[in-house]
Every structure is written in C-alpha cells, then in structure tokens.
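Novice: Read off the chains here:
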Amino acid sequence: MQLKINNNKQMKIILSGSQLSITIRRLAHQVLENHHELENTVLIGIQPRGVFLSDRLVNEIQNQMPGHEIHYGKLDITFYRDDVRNELHVANQTDIPFTIENKKVVLIDDVLYTGRTIRSALDALLDYGRPAKVELCVLIDRRFSRQFPIQPDYVGKSIDSIITQRVKVSWAEEEVKIME
Amino acid sequence: MSLSSKHLLGIRHLTKDDISLILQTATQFKEVLQRPIKKVPSLRDITIVNLFFENSTRTRISFELAEKRLSADTISFSASGSSVSKGETLLDTVNNILSMKVDMVVMRHSASGAPHFLAQHIPAAIINAGDGINEHPTQALLDAFSIIEKKGGLEGIKVAIIGDIMHSRVAQSNIYLLKKMGAEVVVCGPPTLIPKYISEALGVRVEYDIKKTLAWCDVANVLRIQLERQNQVLFSSLREYNLAYGITRRLLDGLSKEIVIMHPGPINRGVEIDSDVADGNQSIILQQVENGVAVRMAVLYLLADRGQKY
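Chains as they are written, first to last, in our numbering: chain A, 1 to 180; chain B, 1001 to 1310.
Check the hints yourself; a few may be wrong.
Simulated crosslink set (DSSO-like; lysine-lysine; CA at most 30 Å straight-line) [as the list claims (entries may be wrong)]:
1) B:Lys1150 / A:Lys133
2) B:Lys1030 / A:Lys104
3) B:Lys1039 / A:Lys133
4) A:Lys133 / B:Lys1030
5) B:Lys1101 / A:Lys103
6) B:Lys1038 / A:Lys104
7) B:Lys1038 / A:Lys103
8) A:Lys103 / B:Lys1030
Derived from the structure by calculation, the hints contain no laboratory data. Predicted model only: the values in this text are computed from it and were never measured.
Kindly produce the complete structure, drawing on both the sequences and the hints.
Specialist: Here you go:
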C-alpha cells in the first residue's frame, strides 16, 4: 500500500494496477464456481459506478467461457432510493433485456457501504419479476459501516473505514483509494 | 442539478438545460413503462390534484397515469359537477383543496394566465396543462421528445406547424421550445389564422402555401381546427380548409422525401388531416401519446418538493 499526499487531502491507495486485475479475475472465477456454466444465471451491474466493474467482470467471465451467451444487464436505482425526496438525483439508463423470473441474479456494485443502494436495487429488481436467488458481488466491502442487514457474497477486498473517509474507485487510473 | 423554477407554467420560462434534463429523465421513465411492473415508488408521499376546468381526454388521462406510475395519490376534478357552477372562485376552489394537504396542482383552464395567477397565491407547485391560448408546456415537451426519438435530435431540424396558429397554445409552446433547442420553425395556415406580427415576435417564418411548407420541412406538426374556440368564421368552410391546407396522401406522395407527421389530438378526420395519413406509417401520433406519459412523469418527478417537510 502506498501513501500519497495530494492537495492537503490524504489519500491511500488500496488496490492498484495488477492487483486490481487479479482481484477482478478472482471474482470472475468465484462467480463461475458457484454458477455452473452460468445456467439460469444473469448478471446485473448497478448504475452508475457498478457498471464499470460489471463490464470488466463480464469480460473476464466471457474469456473463461468463449462463445457462451451471458445475460448481462444494467440497473439504475434512482427512482427507488430512500432519499429520493431529499435531493434530486438524475437517472441513468436501465437495460435489462431478459426476464429474471426464476433466475439466479448476481448484482454487481463497486463499493458496499451502508447497504442502502443494494436495498433499493432489490426493490427495483423485484419489479421485474421473481428471481430464484439474488447474490451480491462487490469490489470493496466497507465492513462495519452497514445501516441495513445486507452482506456481500463475493468480495474483492474488505476494508475498515470511518464515516468521514471516501472510498473511490478510479477506473481511468486503475486504482482504488481511500480519501479523507 | 434541478429545474430552474418551482413550477411548470410555460416553456417561455424554461432554460435549455431544464428542457434537456426533462427529456433525459423522460427517457428513463419510458423504460420504466416497458417493465412488467410499471411503477416506481418515488412520489409515494405526494398527493396531486388534477384541476381540469376545460374538457380533455388525452392530457387528463396522461397526467393521471403518470401520477399513478410514480405511486403518487391522485384526485381529479372537472369543472362540471363541482361547486364552480355554484359560483366559487378559482382561488377559493384551489385553497380548499390545498387545505386537504394536496402537494401539487396540475391545472387546465380556459383563461390564459390562470396558472400564473395561482402561482402567486398558493404554496404548492403548479403544472400548466394548458391555459387559454397561452401555453401547453407538457405537449411541447412530448412533441420534442417524439421528434428526438425519430430524428435523433432537435438542432437544425425543420419543423412546420400547420393550422390554427392564432388560437393554439400547442403552437406557441412548441415554437418556444423548438427555437430554444436550435430547430428551424415555419408556421403555415390561412392568413386569418396566423397572428400578424408572429415573425418579429417569435422568430418564425410564415408560409401560406402548404406544398412549399411540406417540401421544406422534416417534421409537420398538424394542429386541430378549433371549432369550439371561434366566434367568428375565419375561413369559408371545413371542406375548403381541407382542400387548401389539409394533409392528404396525395400531398405527401408528391414530396421527394418522407416527412414525419405529428398531431396533438384530437383529430378532425378529413379536415386538417386525412384518415390514411393519420393512420399511415409516417404518422407518429400514437407514439406522441405514449411519450406523453413518460414526459409527464419526468416533469412531476423533477418538480416534486425536496425540502424536508417533517
């Protein structure tokens, strides 16, 4: 781990470059391990930031199963947020071009913090049908920060963080950092 | 990011960013309307009253559906069969309804400026569903959305608005919006139905020849001849209007390109537009209606009060 001071803001890089790639590859293998040949399984990335991870993850999974059709969709949860009436949030695209009825859904997001986003995602998902099972895959688990009883099934890295810190995944720079 | 005004009184008051935000949000709501469960919980703590002092089918049902899809509670009021016939004033009617903790008002009224008057006197957010011959902002927004869906954008698109421009709030709102978003606008109709200084006032070109208009435009928005609004006879007969300005299959077939046909509804078949055109494959009239719900959902979602109320 490297320590960087940047514009009076302390920043600690917790995953970078090759570490990030290896972690994503491991997550892909773990998902495949539990979902034999992705039969009856669909992958859904959560807008806006979960989609960067899910794009990479689905790419990895496709590399492991060339020629196999993967059901991959994107879900925007803006209208289901529990703070939807406190602040105006602009919605992104939702594209789920398949049914989730009786399927195993793997929700994919970059950082799991309070759990409210995933709670909203579950509500949104249930308006599309009745899935057989829902699992959660995240790159970073900010453990001990949960405000809802929600836990991930696949975790890239678990970290301890306090409420004033921000965990940022920078896909452009290929690094994950904590900022004060 | 939010809208620049608390109300939607007219396109005149909206900025280009406002319009873009509404149309972008409407795209997401249109996707919601394709889902098996066409509902989102976003406005479930809001109560909305639809005050329609003038007749309407499309607009009223469209707003009611939009409200229900946002999980808001909705009540509809039409002037006939209400105490307005007992002489109750507009302000009294609205204040009485607001005392029952109604949060937003969607209003259509025959007097231009009625929603603006209300906006100055009541705390709720007001959405103008058509006021007299002034504006009909949600119609213009759904028209723009439909054009973008078909043509990819508004900048540089040539739009002809054809018919009774003088009495049309749809025309006025469309002109404001299209000009703001960089489209070119021509108005076409009999000289008796086009306001005298409209070129100078609104920056549109006036054309009296329907063939030239259709040859020029990419999109033709055909307005209804409003028989109920005219006290004087401003053209000789409906048959003559159809001969001179009606959109017919023959006119369209004589053009070198396929133009998009729009109409705000309700259609007077055989007057401003012939049945085979209205039902033909160049017409996006029914898509306009479908888009209306998504656009109204976007407007309601963006205008819902976001201050803490508890």
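Novice: Each hint needs a verdict: does it hold in this structure or not?
Specialist: Status of each hint after checking the structure:
As the CA atoms of B:Lys1150 and A:Lys133 are separated by approximately 39 Å, the hinted pair breaks the 30 Å bound. A C-alpha spacing of about 26 Å is found between B:Lys1030 and A:Lys104, which places the hinted pair at or below 30 Å, so the restraint holds. Distance hint between B:Lys1039 and A:Lys133 is fulfilled; the C-alpha atoms sit about 22 Å from each other, no more than 30 Å. Distance restraint check for A:Lys133 and B:Lys1030: the Cα-Cα separation of roughly 28 Å lies within the 30 Å cut-off, and the hinted pair is therefore satisfied.
Between B:Lys1101 and A:Lys103, the direct Cα distance comes to roughly 43 Å. Violation of the 30 Å bound is thereby established for this hinted pair. Among the hinted pairs, B:Lys1038 with A:Lys104 is consistent with the structure: their alpha-carbon atoms are about 22 Å apart, no more than 30 Å. Distance restraint check for B:Lys1038 and A:Lys103: the Cα-Cα separation of roughly 20 Å lies within the 30 Å cut-off, and the hinted pair is therefore satisfied. Restraint check for A:Lys103 and B:Lys1030: satisfied, since their Cα atoms lie roughly 25 Å apart, inside the 30 Å limit.
When each numbered hint is compared with the structure, violations occur for hints 1 and 5.
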